[in-house]
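**Student:** This is what each chain is made of:
There are 2 protein chains.
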Amino acid sequence: MEVLKVAAKSNPNSVAGALAGVIREQGMAEMQAIGAGAINQAIKAIAIARGFVAPSGIDLVCVPAFVDVTIDEIEKTAIKLIVSPRSYSRGGRGRNELPGPRAPAKNQSTEGQSTKTD
Amino acid sequence: MEVLKVAAKSNPNSVAGALAGVIREQGMAEMQAIGAGAINQAIKAIAIARGFVAPSGIDLVCVPAFVDVTIDEIEKTAIKLIVSPRSYSRGGRGRNELPGPRAPAKNQSTEGQSTKTD
Numbered sequence: 073m074e075v076l077k078v079a080a081k082s083n084p085n086s087v088a089g090a091l092a093g094v095i096r097e098q099g100m101a102e103m104q105a106i107g108a109g110a111i112n113q114a115i116k117a118i119a120i121a122r123g124f125v126a127p128s129g130i131d132l133v134c135v136p137a138f139v140d141v142t143i144d145e146i147e148k149t150a151i152k153l154i155v156s157p158r159s160y161s162r163g164g165r166g167r168n169e170l171p172g173p174r175a176p177a178k179n180q181s182t183e184g185q186s187t188k189t190d
Numbered sequence: 073m074e075v076l077k078v079a080a081k082s083n084p085n086s087v088a089g090a091l092a093g094v095i096r097e098q099g100m101a102e103m104q105a106i107g108a109g110a111i112n113q114a115i116k117a118i119a120i121a122r123g124f125v126a127p128s129g130i131d132l133v134c135v136p137a138f139v140d141v142t143i144d145e146i147e148k149t150a151i152k153l154i155v156s157p158r159s160y161s162r163g164g165r166g167r168n169e170l171p172g173p174r175a176p177a178k179n180q181s182t183e184g185q186s187t188k189t190d
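So the protein lines, in turn, are chains A and B.
To convert, count from 1 in the first sequence and add 72; that's the working numbering.
To convert, count from 1 in the second sequence and add 72; that's the working numbering.
Just so you know, the hints here were simulated from the structure itself, not pulled from any lab data.
One should not assume that every hint holds.
Note that identical chains are pooled: a pair holds if it fits in a single copy or bridges any two copies.
Mimicking SDA-like on lysine to any residue, the simulated pairs with C-alpha atoms at most 20 angstroms apart in a straight line are [as the list claims (entries may be wrong)]:
1) 152 to 142
2) 148 to 120
3) 148 to 119
4) 152 to 93
5) 148 to 84
6) 148 to 108
7) 152 to 108
8) 148 to 102
9) 77 to 108
10) 81 to 119
11) 152 to 126
12) 152 to 85
13) 77 to 142
14) 81 to 150
15) 152 to 109
16) 148 to 104
17) 152 to 98
18) 77 to 89
19) 77 to 109
20) 148 to 89
21) 81 to 126
Produce the entire structure from the sequences given, and follow the hints as far as they go.
**Tutor:** Right, dumping it as structure tokens:
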């Protein structure tokens, strides 16, 4: 997957636009930042991007993680930020289904279960 | 709700411990950080806290947002980080099992749905 690399001088608005684009296309995005300034811009970009995709009903969340990267033969610890809709599951996109045994897989059509008990 | 204020000099491990404690007790936590250094530490703390609560089956995610705060009569823009289990829904607390978000989150309060389909 494409990784959005964020620097301390990155413009959070621009990064947010790129982020929203990747999420709309691929369902999730990965950012990478090294150093406090870069992480700061990345987090701002996520806050802004939330506003870009919220009208589409997407509630973006992020998962931070440490990752070792080698730059010019020097090993550094970067922060990876995985940005995805709250209900995202790898494999399925968007809504995923009941883990129960009765629902063997993806194609289970839940339509018609609209419990109109009025 | 209690807000965990994070500074540039905060120790990410200590913040992570506090964060995990608040999440276990209250189901979610809110952090606040001003400036790149503080945000950096806060994000590291979340990455570490994920490891603390993962064995309990909790998949922590964070939602960054801007918030205006007034400190010594000077208005500043802080970053608020709402940290919660991925499937957290306000209203329900603590128990959030079934990693398959059956319905796209938030408004679905599963408690008190005591089968009123009479």
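**Student:** For each hint, tell me whether it holds in the structure or not.
**Tutor:** How the hints compare with the structure:
1. Taking the closest pair of Cα atoms, residue 152 and residue 142 come within 20 angstroms of each other only inside a single copy of the chain (14 angstroms); across copies the shortest separation is 31 angstroms, beyond that limit.
2. Taking identical chains as interchangeable, the C-alpha atoms of residue 148 and residue 120 lie at most 20 angstroms apart only when they sit on different chains, with a minimum of 17 angstroms there against 28 angstroms within one chain.
3. In this homomeric assembly, residue 148 and residue 119 come within 20 angstroms of each other (Cα to Cα) only across copies, at 16 angstroms, whereas the closest approach inside a single copy is 26 angstroms.
4. In this homomeric assembly, residue 152 and residue 93 come within 20 angstroms of each other (Cα to Cα) only inside a single copy, at 18 angstroms, whereas the closest approach across copies is 24 angstroms.
5. Proximity of residue 148 to residue 84 under the C-alpha cut-off of 20 angstroms is restricted to the inter-copy arrangement: shortest distance 18 angstroms between copies versus 23 angstroms within a copy.
6. Taking identical chains as interchangeable, the C-alpha atoms of residue 148 and residue 108 lie at most 20 angstroms apart whether they share a chain (13 angstroms) or sit on different chains (18 angstroms).
7. Taking the shortest alpha-carbon separations for residue 152 and residue 108, both the intra-copy value of 13 angstroms and the inter-copy value of 16 angstroms come in at or below 20 angstroms.
8. Within a single copy, residue 148 and residue 102 get their C-alpha atoms as close as 18 angstroms, which meets the 20 angstroms cut-off; across copies the closest is 29 angstroms, which misses it.
9. In this assembly of identical chains, the alpha carbons of residue 77 and residue 108 lie at most 20 angstroms apart whether taken from the same copy (14 angstroms) or from different copies (17 angstroms).
10. For the homomeric pair residue 81 and residue 119, the shortest alpha-carbon distance inside one copy (17 angstroms) is at most 20 angstroms, but the shortest distance between copies (24 angstroms) is not.
11. In the homo-oligomer, the alpha carbons of residue 152 and residue 126 lie at most 20 angstroms apart only across protomers (18 angstroms), although the nearest pairing inside one protomer, at 23 angstroms, exceeds that limit.
12. In this assembly of identical chains, residue 152 and residue 85 lie within 20 angstroms of each other by CA distance both inside one copy and across copies; the values are 19 angstroms within and 18 angstroms between.
13. For a Cα distance limit of 20 angstroms, the shortest separation of residue 77 from residue 142 inside one copy, 14 angstroms, qualifies, whereas the shortest one across copies, 32 angstroms, does not.
14. In this homomeric assembly, residue 81 and residue 150 come within 20 angstroms of each other (Cα to Cα) both inside a single copy, at 16 angstroms, and across copies, at 19 angstroms.
15. When the C-alpha separation of residue 152 and residue 109 is checked against a cutoff of 20 angstroms, the pair qualifies both within a copy, at 14 angstroms, and between copies, at 17 angstroms.
16. Taking the shortest Cα distances, residue 148 and residue 104 sit within 20 angstroms of each other inside one copy (12 angstroms), while across copies they are farther apart (26 angstroms).
17. In the homo-oligomer, the alpha carbons of residue 152 and residue 98 lie at most 20 angstroms apart inside one protomer (17 angstroms), although the nearest pairing across protomers, at 27 angstroms, exceeds that limit.
18. In this homomeric assembly, residue 77 and residue 89 come within 20 angstroms of each other (Cα to Cα) only inside a single copy, at 14 angstroms, whereas the closest approach across copies is 29 angstroms.
19. When the C-alpha separation of residue 77 and residue 109 is checked against a cutoff of 20 angstroms, the pair qualifies both within a copy, at 13 angstroms, and between copies, at 19 angstroms.
20. For the identical chains of this complex, residue 148 and residue 89 are neighbours neither inside a copy (27 angstroms) nor across copies (25 angstroms), given an alpha-carbon limit of 20 angstroms.
21. Within a single copy, residue 81 and residue 126 get their C-alpha atoms no closer than 26 angstroms, and across copies no closer than 34 angstroms, so neither meets the 20 angstroms cut-off.
Violated hints for the displayed structure, listed by number in ascending order: 20 and 21.
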